[in-house]
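**Q** In case you want the letters, here they are:
Protein chains: 2
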Amino acid sequence: MLISDAPSLATRLPEADVLLVWDFLSDAVRHAWPGPGPRPTWVHTASAGVDRLLFPELLESDTVITNARGVFDRPIAEYVAGLVLALAKDFRGTWAAQDQHRWVHRETAKVYGSNALVVGSGPIGRRIGALLQTLGVTVELVGRRARERDPAFGRVHAADSLPELLPEADWVICAAPLTPQTTGMFDAGTLALMRPTAHLINIGRGAHVVVDDLAEALRAGRIAGAALDVLPEEPPARDSPLWDVPNLMLSPHMSGDTFGWRDDLAHQFLDNFDRWHAGRPLLNVVDKRLGYVPGEET
Amino acid sequence: MLISDAPSLATRLPEADVLLVWDFLSDAVRHAWPGPGPRPTWVHTASAGVDRLLFPELLESDTVITNARGVFDRPIAEYVAGLVLALAKDFRGTWAAQDQHRWVHRETAKVYGSNALVVGSGPIGRRIGALLQTLGVTVELVGRRARERDPAFGRVHAADSLPELLPEADWVICAAPLTPQTTGMFDAGTLALMRPTAHLINIGRGAHVVVDDLAEALRAGRIAGAALDVLPEEPPARDSPLWDVPNLMLSPHMSGDTFGWRDDLAHQFLDNFDRWHAGRPLLNVVDKRLGYVPGEET
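First to last, the protein sequences are chains A and B.
Each residue of the first sequence is one higher than the one before, starting from 1441 at the first, in our numbering.
Each residue of the second sequence is one higher than the one before, starting from 1441 at the first, in our numbering.
Since the hints were derived computationally from the structure, they do not count as laboratory data.
Among the hints, erroneous ones may be present.
You can't tell identical chains apart in this list, so a pair holds if it fits in one copy or across any two.
Unchecked claim - As a list, the in silico EDC-like pairs of lysine to aspartate or glutamate whose alpha-carbon atoms are at most 20 Å apart:
| id | residue 1 | residue 2 |
| --- | --- | --- |
| 1 | K1728 | D1457 |
| 2 | K1550 | D1704 |
| 3 | K1550 | E1604 |
| 4 | K1550 | D1697 |
| 5 | K1728 | E1455 |
| 6 | K1728 | D1502 |
| 7 | K1550 | D1703 |
| 8 | K1728 | D1467 |
| 9 | K1728 | D1679 |
The whole structure should be built from the sequences, with the hints applied where relevant.
**A** Written out as structure tokens, the structure is:
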């Protein structure tokens, strides 16, 4: 086993059978990939998203990609449930008033009885939807393909239904994989379809949201608020105007990172490594054309 | 129907059959109560707590007290679930870092798999416990009396079990009625039994917690944090040291007050008034010796 950093990766990849990608937002693999020469037969990324690995040379090779599907589901789902409740109850306003020694009673929104639209029908989106259902929220799920009979959500909508679905949602939650179809899907056009009282939450990838469009919608009060755990540029520049957009919460890509998450990721890889070593089928094999692990979630 | 303020109450009470108490934290009823003379036969308080009405002259009279049992259950339960998640995920820290344009990744606690102790087995405590269970939290419930077989919680513990229960809890949540037995129950002695990683949440009454003891425990880091939606003195003085106690969240007695709550309270009273007018039994009749509505919850 060799530990490699970005500069040394190009010299090591041709000798490696297996590559574990720990820094999943790095482009180092793309830059160092040996093309048609000797290369790893298996790449595992310690992340749910595999977008950084979907470059042509790896796509077209017979190298297998696996991901960390499963490790982040519950942590991210409870993070999102926490955001929904914290935004509904305006905890930020409460803490701000406390900082100023002010006792400002307000009425706040009920979460039960509200409507959520979860975009992304993989394990993370499904877990988010299920947890919101237990809070009494009506959940509509959007996936790549429509499905009429879904055991948990009644039906799964296709992305082309967004124009009808967005105006009905109090909470719009992005948990989609980043693909050409989902990149920039939350822009001025789709944001304009949301309710003025609605909130957007993104725990997917930064590029799902056109942040300049979101900032403008928030400044104009066209939607009530947003929480972004991921950004196109992470971290944003210290003087980025994003930090101070009204009713925008920025969190540093931490929604799934509960105590012990690195251990959980390592154990997941080691379990799969045992399978590889024994010649058994790998778990969480990504369909490189789709950009995620196919299965019950598509 | 007459609307009365505190100064005019004493002259109006002898003529009234029914008193609706809207300002449930006021002592005006106690001050104005006509003693053995003509007086209302029914007092309804637009609150779950009835502590301000349990003065001797009213206790000993045959006047019936009813309360707003039921209106606040779900709003308060989701407020508490929101607090648990927001404290576990350190949203306050995230907002504080954002205010300073700082991107500070942290690991945070999982909520599922944690342990909560809910003190108060009335409808609010039960609803809190049930909602936390749906988040994967193990819940122990404490009531006035122990019960071996409880359908939702397996068993209900008596308050004298607190010394064994407090050291096991990650979340200690007070949803008890204020009675002589529960006043000051969270003091230096009980706080010392809590885990250093545990949080205390009080949505009951301010006097359940000895706030000076809590402030000292938080300053010394003996527990991880606390959220108080109720205080012995509301609002606290502008220069109260409470505002700035580390890891203490103060919210202005708003946990149950979702949009439309006043309408919900008014409708509940009017429904009961129709019963009174028709000579039918009233709902939510308080046992004045117990200090709450008896039933499945005790």
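**Q** Each hint: holds or not?
**A** Now the hints, each set against the structure:
no. : hint           : in the structure
1   : K1728 to D1457 : within (19 Å within a copy, 76 Å between copies)
2   : K1550 to D1704 : between (35 Å within a copy, 13 Å between copies)
3   : K1550 to E1604 : neither (24 Å within a copy, 35 Å between copies)
4   : K1550 to D1697 : between (28 Å within a copy, 9 Å between copies)
5   : K1728 to E1455 : neither (23 Å within a copy, 81 Å between copies)
6   : K1728 to D1502 : within (10 Å within a copy, 77 Å between copies)
7   : K1550 to D1703 : between (37 Å within a copy, 14 Å between copies)
8   : K1728 to D1467 : within (17 Å within a copy, 70 Å between copies)
9   : K1728 to D1679 : neither (37 Å within a copy, 61 Å between copies)
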